[in-house]
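A.B. asks: Each chain, letter by letter, is given below.
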Amino acid sequence: METIIFYILAAIIILFAVASVTSRKILRAVIYLLFVLIGIAGLYFLVDYNFLAAIQLTVYGGGIIVLFIFAVLLIHHVELELEKTALKKKLIAGALSAAGLAVTLWAISTYPFPVTDTYTSIEVADIGLLLLSYEDGGFILPFEVISVLLVAVMIGAIVIAKGKKLTENN
Amino acid sequence: MDFSYTILIPLIPLALFLILGLFSKKIPASISGWLGSLGLGTSFALSLYTAYHYFMEGKLEGVYQTFIYKQTWLVFTDKLHIDLGVLIDPISVMMMVVVTTISFMVHLYSRGYMHGDDGYTRFFSYLALFSFSMLGLVMATNLFQMYIFWELVGASSFLLIGYYYTKPSAVAAAKKAFIVTRFADLGFLLGILLISYYTGTFDFQDLTSQEGMLIAGWGASASFMGLSVFTWGLILIYMGGVGKSAMLPFHIWLPDAMEGPTPVSALIHAATMVVAGVYLVARLFPAFYFVDGGFALQVVAYVGAISSLVAALIAITQTDIKRILAFSTMSQIGYMMLALGVSKYEGHEGLGYMASMFHLFTHAMFKALLFLGAGSVIHAVHSNYMKDMGSLRKYMPITHITFLIAALSIAGFPGFAGFFSKDEILVAAFENNKLIYYSSVLVAGLTAFYMFRLYFNIFWGEDRKYKHTPHESPLSMTIPLIFLAFMSIAGGYIPFSQFVTADLMPFEAHINIPLAAIASSVGIIGIIIAFIFYKKPSELSKKFSNAFGVIYTFIYNKLYFDELYLFVTKKILFGIVAFSASWFDKNVVDGSMIGIGNVTVSVANKIKGMQSGKLQDYAMSFVGGIVVIAMVVFYIWIS
Amino acid sequence: MIAGISIYDILTLTSILFFIGVYGFFTRENLITVLMSVELILNASAVNFVLINTYLYPDLLQGAVFSIFIIALAAAETALAIAIIINLYKLIYSVEVKDTETMKY
Amino acid sequence: MNFTQMIIPLNITKTISDWIYSIMPETAASYTIMVIIAVAYLALFAVAGLYLVLLERKVAAWFQLRIGPNRVGPWGLLQTMADALKLVSKELTSTIKIDKFLYNLAPYFVIVSALMAMAVFPFSEQFQAFDINIGVFFLIAISSIGVIGILLAGWSSNNKYALIGAMRSGLQTISYELSVGLSILTMVLLTGTLQLSEIIEAQRTGGWLILQGHVPSIIAFMIFMVAGTAETNRAPFDLVEAESELGAGFHTEYSGMKFAYFFLAEFINMFIISSIAVVLFFGGWLSPFGITENIVWFPQVFWFLIKVLGLIFLMMWFRWTFPRLRVDQLLTLEWKYLLPLNLMNIVLMAIVIWLNWTI
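If you're matching them up, the sequences are chains A, B, C and D in order. Using this note's numbering, the letters of the first sequence correspond one by one to residues 127 to 296. Using this note's numbering, the letters of the second sequence correspond one by one to residues -6 to 632. Using this note's numbering, the letters of the third sequence correspond one by one to residues 547 to 651. Using this note's numbering, the letters of the fourth sequence correspond one by one to residues 6 to 364.
Hints are computed from structural coordinates only; laboratory data are not their basis. Every value quoted in this text rests on a predicted model; they were computed, and no experiment measured them.
Taking lysine-lysine and the DSS-like style, the derived pairs with C-alpha atoms no more than 27 Å apart in a straight line are:
#1 C/Lys644 / A/Lys216
#2 B/Lys599 / A/Lys215
#3 A/Lys216 / B/Lys601
#4 A/Lys216 / B/Lys607
#5 C/Lys636 / D/Lys165
Here's a subset of chain A near chain B, in silico, CB distances under 10 Å, partners left out:
#6 Ala219
#7 Leu222
#8 Ala225
#9 Gly226
#10 Thr230
#11 Thr236
To give a feel for the contact side, a few chain B residues facing chain C, derived at Cβ under 10 Å:
#12 Ser605
#13 Gly606
#14 Lys607
#15 Leu608
#16 Gln609
#17 Asp610
#18 Ala612
#19 Met613
#20 Val616
The C-beta atom is built at its ideal place from N, Cα and C for all residues, glycine as well.
Okay, chain A solo, but in the shape it has when bound (with noise of 0.2 Å):
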């Protein structure tokens, strides 16, 4: 059964991750994107980390994927459609991606992984103590850099997007 909502789940995710690179219309790969979000929310769960996967629920689906409806809502209309890219630009990344690909994959298969079979519950409260933690392996550093990065981003977010009337009232 978890093999079964795995594939479904991988399904969803290529095809939309396909759909939302590919599509004309832009809020449509917006939304197309959102569902390849979700799915990995969906394995998030499957692996039971069930924190991030509410996480990348919250952030992305609810945070940036919102920024960027935004974004569309700004600055595009409903009938206009996205430029065409030339073909052969289109060949060569294809072709691109493809041999990183390949190359990627070669990589992984030739690589004997040391998979345990242990099993272990993942409690929000670990999470919580490992980013607080401020003993060996403790991750209390990147976690206040990250949140003084925030704060920073807020503020350098709201300046640049208010741009010119800012600095004409200085």
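Based on these hints, arrange chains B, C and D on the given structure of chain A.
C.D. replies: Relative to chain A, chains B, C and D alone:
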């Protein structure tokens, strides 16, 4: 004894130049003139004190000592280095006195002459620059330092000749002077390099060491066309002197240089800069005398004699009073050159050397006086040509008297300064080279003739209809005239042989009565002829010139030297050499360069498409590269 | 770990997703869609972190933590990028890649 | 994760489950049960949605001193059934030059995300479909997805009023999600778990959380209700569909059943917000003071629904009491008042717990 204070003598004009030059817009004219005169007066006083100090106390066992204060500047090898410093010996002290005296007088004179000119302050700053450069040249301790100041003198001369830069003729004259002297200086530089390469030194002291041992050793080192390299070096150095001193064949710039203000002509083109060539030969005299038995010195003598004769001939026919004086200067410098050329080294044998320096001194005084007097006349009638002048003795008594004194002095009238110095030269020539002696006597007569032709034309002759009645010049101009007139008489009574000699040992010089009588009688004959021709307006001179016909025209056009140069430069250099050179430059040199450029541009146009500015394209190359590298790495890893 | 699914299947899935993102990054002409392709790439790597953690080191949580950091950074990056895109639109009324290549040559 | 684990909490009728397992193979039985659960939830919320609409109209009438719907059925009980029939039977219209795919997708997006949230609620001790260990967080995640449907609807309608409504909805939802999340976080501090069933368990002995956490809890509750009202786009925060300004807002161009989905989703969202509040503040299905705890046959779901209805009534009360805000006032309220207050409240709650001042 300490002579290090002499460094102040050139530094005061330098400071003046900086102050007047940098703040020329701020300093009012009334102050700048006084400032310049005051500064040069200080230098003048200092150099007089130096002369007194040196000639009274500078002797050690009857030989004048050489004092050198110097600082090493550029080091090439242990021996070969360029120093900057001060050299004190009889001729440099003498030159200091001459330069500061004339410069001081010219400063005083210019306050009146340049009054009301727009560039008044600028003029004084240039004068200060020139004084500094000339003093630096005189006090140089080595060839290279001398060359530096030599060029500085050329540059300031350029500035002063082109002072009226709104006049095209002045600009052209400045350019001409600069280019001609530059060409000659090329020889000077080559000579310096040649000599320093073979001797390994720039220092005057090493080059002129009294024993002459080193010089003899160097002379044998290498030879070219039968002469030692050292002789060739000396001749090349002398070429620089020929250029600066307006000897044949580099004399063509001097007449044109009269476009500058008259005080400038007095300072630069009569008394100081043009004698730099003489000074240079005198400075290197032992080298000239000892190397190859004095072949280079022979060259000096003949160049001087020929220049002297030719210049005197040309001077007879000219009508522009400043040009007459210019050719006269050339002629007199030729005298000094030939005196050096016929001189020997030791004791009374070195009479020519002493005579040359003596004549340099007296000539500076009376020739500066002549120029300043001419300036005074020009100031009064606003013209350079004799046809606009006449009977000026009534209007300008002081100028008239001082000019007469100077003319008598240059003509070698007994009792005046020129008589004594010229007599010494003739004695030296008579003792060594009869041919040069006869030519010199002829030049003496010609000198007296053209000088009095000038005198009578200006101050006697017909009374022209002047637009403004000419009047005597202001006090600021007449005081220098009077002072220089005094010097033109008194200068002759200085016992020069006690001070300036080739081997630095004083000796007693006597007037050779028969030779002096011949010379003065020749001069007096010249004066009388001039009196007959020009005292009253008459057709006599015209008849004579018509009688000589072609020769007169030939001489009147300065032997067609300018035209010869033009032919050589325009037709030969520009027409044939430059044409083929420019063809080569355009088609071969430029062609290859442009070809390289074109290839580069076309290649760049081809490959600049890669730099499309699109992040995606860059990322594509990046990923492609990574894929290739990964493939290679995996291939190696597996195999 | 997922019953019946080996790590090779999962890595294949994420590799495909990654190169779909790369393809989109190469071919898209609109800045927003380019940014979306970047999100795909980021997600593929985040999944790799989590799944390799699950399969190889189930006792550790580092993969999950890194995944969280990746998500946070993606959010920050997107916010800034979209702010820049909107500002660009204000300035030149276009968000096409071809209009933003003034840095070329 | 073992999927049979997921089914275990569904003990609402253990007999039905046993029966199904007895007549079918195991795999088929588990699929069947999943389908039955889904259908049951759908039916439940369709009915709940319909009757909430009726309730709204009745409450409105009551506040305005009138009778409200009273013709169809006794006391007008069948009125919304009739409305639903009418909506279902209506023609589905659309404008030209729309993005068909997104236009049709939007209502499902909204309704599905609303229904998904329902899956994790513990209606009673056993009546819970999906007892996930991050239940509260899951709710936040799901509710943040719902706004995308509204944005899509507004954009794909090719109508400027719809677009403006969608934009307003977007910024409103995103802004107030922050307050909802933070007030929930305040309560999570108190319980120490994200799992809904455990949150309720924590209240069995110590009393309702609103009492346990006293001052910070009450503040959190108030903020939660304000923000929750805003997130459901209800008055006084109904700028999204402000009739006087935007027609009907983002669903202006929708008709028939698609409109009904939006309509229904709003009421279900109201139900969800109230349910979260009940779980977090009022003990969920726990009876007040444990009065029915020992009565075995008494349905625990009764207490849950009573509490939820009470809070829904509170939200309807808001609607008919407060005037509508302007956009700038809306944002000012969130970013300048609620957010700082919330942050201070979290600190306060942390201090309370640290010093063990809980009741």
